[in-house]
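Chemist: Below are the chains, spelled out letter by letter.
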Amino acid sequence: MLVYTLRRIVYVIPIVISVALVCFLLVHITPGDPLVAVLPADASQELAAQMRTAYGFDRPLPVQFGLWLWRAIHGDLGSSIATGRPVLTEVLRAVGNTVTLAVAAALIGFTLGLLFGLIAGYFRDTWVDKVATSFAIAGVSVPHYWLGMVMVIIFSVQLNWLPAVGAGPGGSGAWGWDWEHMKYLILPAITTSVIPMGIVTRTVRALTGDILSQDFVEALRAKGLREWEVFKHVVKNAAPTALAVMGLQLGYMLGGSILIETVFSWPGSGLLLNSAIFQRDLPLLQGTILVLALFFVTLNLLVDIAQAAIDPRIKRG
Amino acid sequence: MAVMSDTALQAAPITKARGYWATVGRRIVRDKVSMVCAFVLVLIFLSALLAPWLGLADPYQGSMIRRLRHIGTPNYPLGTDELGRDMLARLIYGGRLSLIIGILPVILAFVIGTSLGLVAGYVGGRLNTAIMRTVDVFYAFPSVLLAIAISGALGAGIVNSIVSLTIVFVPQITRVAESVTTGVRNMDFVEAARASGAGPFTIMRVHMLGNVLGPIFVYATGLISVSMILAAGLSFLGLGTKPPEPEWGLMLNTLRTAIYINPWVAALPGVMIFAVSICFNLLSDGMRSAMDIRN
Chain A
615 MLVYTLRRIV YVIPIVISVA LVCFLLVHIT PGDPLVAVLP ADASQELAAQ
665 MRTAYGFDRP LPVQFGLWLW RAIHGDLGSS IATGRPVLTE VLRAVGNTVT
715 LAVAAALIGF TLGLLFGLIA GYFRDTWVDK VATSFAIAGV SVPHYWLGMV
765 MVIIFSVQLN WLPAVGAGPG GSGAWGWDWE HMKYLILPAI TTSVIPMGIV
815 TRTVRALTGD ILSQDFVEAL RAKGLREWEV FKHVVKNAAP TALAVMGLQL
865 GYMLGGSILI ETVFSWPGSG LLLNSAIFQR DLPLLQGTIL VLALFFVTLN
915 LLVDIAQAAI DPRIKRG
Chain B
5 MAVMSDTALQ AAPITKARGY WATVGRRIVR DKVSMVCAFV LVLIFLSALL
55 APWLGLADPY QGSMIRRLRH IGTPNYPLGT DELGRDMLAR LIYGGRLSLI
105 IGILPVILAF VIGTSLGLVA GYVGGRLNTA IMRTVDVFYA FPSVLLAIAI
155 SGALGAGIVN SIVSLTIVFV PQITRVAESV TTGVRNMDFV EAARASGAGP
205 FTIMRVHMLG NVLGPIFVYA TGLISVSMIL AAGLSFLGLG TKPPEPEWGL
255 MLNTLRTAIY INPWVAALPG VMIFAVSICF NLLSDGMRSA MDIRN
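Line by line, the protein sequences are chains A and B.
For the first sequence, our numbering gives the first residue as 615, with consecutive numbering after it.
For the second sequence, our numbering gives the first residue as 5, with consecutive numbering after it.
In isolation and in its complexed conformation, chain B is listed as follows (with noise of 0.2 Å):
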């Protein structure tokens, strides 16, 4: 038995424990759909990025006499625009923008949402119901109305657009990090910590950040899908973006006289939205369940 135990005992230190992150990684890697998702979001995110050294057409360049080429036209693979500028070129360029405001109010609502939330859920009290009933009078707008109630006033414009949707967001991560925050608060590694004592911004810094980021993350990822959509919504109305910038769903506005003539080539920039809103939903899916060491 003696013997036995022993060798037991020099075998453990060979299979060393995986932390929690790295658990989550390797399964995620394992994931083919998650995978295909994260590699085509990246392509499209590279080719945005680095569109003037890809040799492609001006996309701001126009012609009155190949207006609307076909889709598989020789020198236009994708076709060309009812200004006769070409679509490829403008479908990667215009990824740029799509992708800044489609992305960004998500980063901010992530930001301040998180903060709202910790703070909430961590202080409680008075402070808690003044933060989560001003986040419940957001709630009673349905998302779409409320980007385009406050775009709408705004006016048209990139800042404009960005603003409302970070408005429309924050409010649902704040709820999210707010009861995240309140079932890890009451922990007992957060009690000893407050007893060896930490002060509550150290506690909320150091102990609960960490813990409580994972799932407000994957909600937040989930949410680009959202806001892809409503961004490039907001510009398919023109309250966003104003031409001749290339940018989907303007992109999308500005084709739509054109579906009698050339109907496939109108139908291009959503299928872009489409792919960039289609992978970050599994990708979230993806990254939710290998979280979710448990099953």
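The shape of chain A in the complex, shown without the other chains (with noise of 0.2 Å):
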């Protein structure tokens, strides 16, 4: 096991480094002069190149690449140009807000997601299997950013019960684990559990489904096994695939944010990515990718370890 996950860890090196290259050329692929945003429409000829020379955008690229890489190992991701505070200070605080939305959203994402999984395949091609699978097809079907919409549109502009955008009350943005912010957190929570619910529910109907027409099961019924001890072992050869997928989602709910996010007003990565995005901010544009981008990597590592803990099979692969 200590093998295998060294092993995984050293395939995420390479791994690393080139997603640090995407986000490195991500501000060199725009159009123009990255300085742009910097620059004053009327600036001379001599102060741009002073700028290009104090940025070092007259190196030649792997040099600035290797610069870069080299201050962003050590925490250094540059300054946000909107507001002059440090990139990563930026970003770790806004991430706290993306975390708690996606663990929310996958509290209930999952929890329905396994629960319609499980029905619909034990009761395959029954009224209740086609109830979870339209369910779980509409789930995975919806522009989420549009059900945000008709999420506030019924429980807020209607019915008056939630609020409609923001974090908390009075617009601050420190989060509390009261019913005052929780109000908040909702519908954006289960605007975002659609997607992952359909998703889980689809991986676990197919795997149930799969299981369940397996031989041995048959045999450990034949053995006498209660229905709850064969269902044990449905959910054991279940769960390292769902456990895979459910890692993926996550991972999906934390980077992908930023549309639920712009719905919502909600103060995480994704509405900071947005503000970079149309402010032209480019240092905060590319630090938030390459910390959210990490973020995945991390987890997709961890998936791959626990996933290969449960099951050793993976292990020889």
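Since the hints were derived computationally from the structure, they do not count as laboratory data.
Just so you know, even glycine gets a beta-carbon here, dropped at the ideal spot from N, CA and C.
Treat the hints with caution; some may be incorrect.
[What the hints assert, rightly or not] In silico SDA-like links for lysine to any residue, alpha-carbon gap of 25 Å or less: (1) A/Lys-744 <-> B/Val-40; (2) A/Lys-744 <-> B/Gly-226; (3) A/Lys-744 <-> B/Ser-288; (4) B/Lys-36 <-> A/Val-831.
[What the hints assert, rightly or not] Some chain A residues near chain B, calculated using beta-carbon distances under 10 Å: (5) His-642; (6) Ala-778; (7) Ile-891; (8) Phe-892.
Each chain sits in its own coordinate frame; assemble them with the hints.
Modeler: Take a look at the structure:
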């Protein structure tokens, strides 16, 4: 297990470097000079040249990447052009809110997904299965930003039960685990949960159906095991794949929260990314994407290791 | 006995064996859900295509005095938007751009990804490693994040949004194409073609392509659903189409301010995105099970 874990970690290193390279290059595919957002429109040629030297943009690209990577490893992602604060500070503060949202959504989405998936898999081709699969297909097909709007229309505009935007009373960014704050979490969390709900339902339904049709289940039943004990075997066999899918979904929720956070003005990394894009705040854009991608890579690594820990067959593969 | 086998032989040509694709086609046509979805999609496509000849109101013509009319207002069956433009006309015209920016990336990615995957899977070795490791890098980003990162860096615009979504889907299709190709590569008929002197290009084009295209096509059909949601999402964020162009994602964005005045009109463009997305998803499911002849 230790060898496997170490080998997985070593595999991740080139991926991390490539991810950093993609984030670095993002700024260089932007049309025009990367300085355009910093410089005033009527800046003189000399000033532009001076700034270019100061930012190191006059050096060859590989050198620039090396320097940027070296600083990034030491936690220096530059400063936001809009606020002047260090990018890392800004990103880490926002990521906390995104994690809160993603974990809440995961609790809802995974619970429902596992429940629907198991029921649908056990009662294949009955009406229960049809209802569960319809929920699942709707979940994966719905434009979630639109669903967010519809939720706001129903629960905020028409019923006036829950707040439409923000993450706490008075527009403060500080999160607290009380009802006053929780009220703000409900709608965005439910909206975020529909995609993982759909995907987990579909995965678990297929897995359960597959496992139940295998010979060993027949053998277990023939041996006289009660249905509850057979069920435990089904869960054991479905767990590694289900776990991998859920891990990936959690990663998608963390990294892909920009649309939901925009709809609900949820002060997380997605909203930060949104403002970075529209203020042409390139260091902030680059830094946010790098941090979110690294989160995603780390999460995938943890899922791989956890999967191998519960299913010894994977280690050999 | 001899007589019986004679009749059996004579009867044989009448029950002509149906080909694989003919069987798949028949199975899809008999699947009600797939047919309903296909019908809805054809309806949306045709109305978008034929919009100028449907006798609709001008989708760009606004009016300050008839803003945000409710659904069911005489002359405005689906109401009017925040600038007083007819919603029905804008939803139908909106299909033109929305469908193009949603479907074109998948078509482009299908062509590029299939070629890359086919070459990687067939040639193998170092070329395979080079292509597939590059693909892995893009898998290190959640797809929404990657689309928004590229779009955000390139700046707003229809072409940029199509380019960014194509970049998001190429790795996914390449991975599917590579795994299918690797499966087919070692089959006897490919070996036979090689033994009879066919070059690698001929083998790939004549013998492999036909066998790998089916599963990749089904996968790509499912991707259209994701692509429609993401393309409209980019416009919703302000990274795609620019006003006053009718496009479902952008319409959702501009109507967001109207949810306190006329909420249900504001939600309409999302219904269109949802309808197209769910139909492509169900159609992809239908094709997948129709192609799985074993069941």
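Chemist: Next step is simple, just say for each hint if it's right about the structure.
Modeler: Against the structure, the hints come out as follows:
The suggested pairing of A/Lys-744 with B/Val-40 holds, with an alpha-carbon distance near 17 Å, which does not exceed 25 Å. Proposed proximity of A/Lys-744 and B/Gly-226 is supported: the alpha carbons are some 20 Å apart, at most 25 Å. The suggested pairing of A/Lys-744 with B/Ser-288 holds, with an alpha-carbon distance near 17 Å, which does not exceed 25 Å. Pair hint B/Lys-36 plus A/Val-831 does not hold up; C-alpha atoms about 33 Å apart against a cutoff of 25 Å.
The beta carbon of A/His-642 is positioned within 10 Å of a beta carbon in chain B (closest approach about 9 Å), and the interface hint is therefore held. For A/Ala-778, the suggested interface contact is upheld, since its CB lies about 8 Å from the closest CB of chain B, less than 10 Å. Checking A/Ile-891 against chain B: minimum C-beta separation of about 4 Å stays under 10 Å; hint holds. A least Cβ separation of about 7 Å between A/Phe-892 and chain B falls short of the 10 Å threshold, and the interface hint therefore holds.
Of the numbered hints stated above, the single one contradicted by the structure is hint 4.
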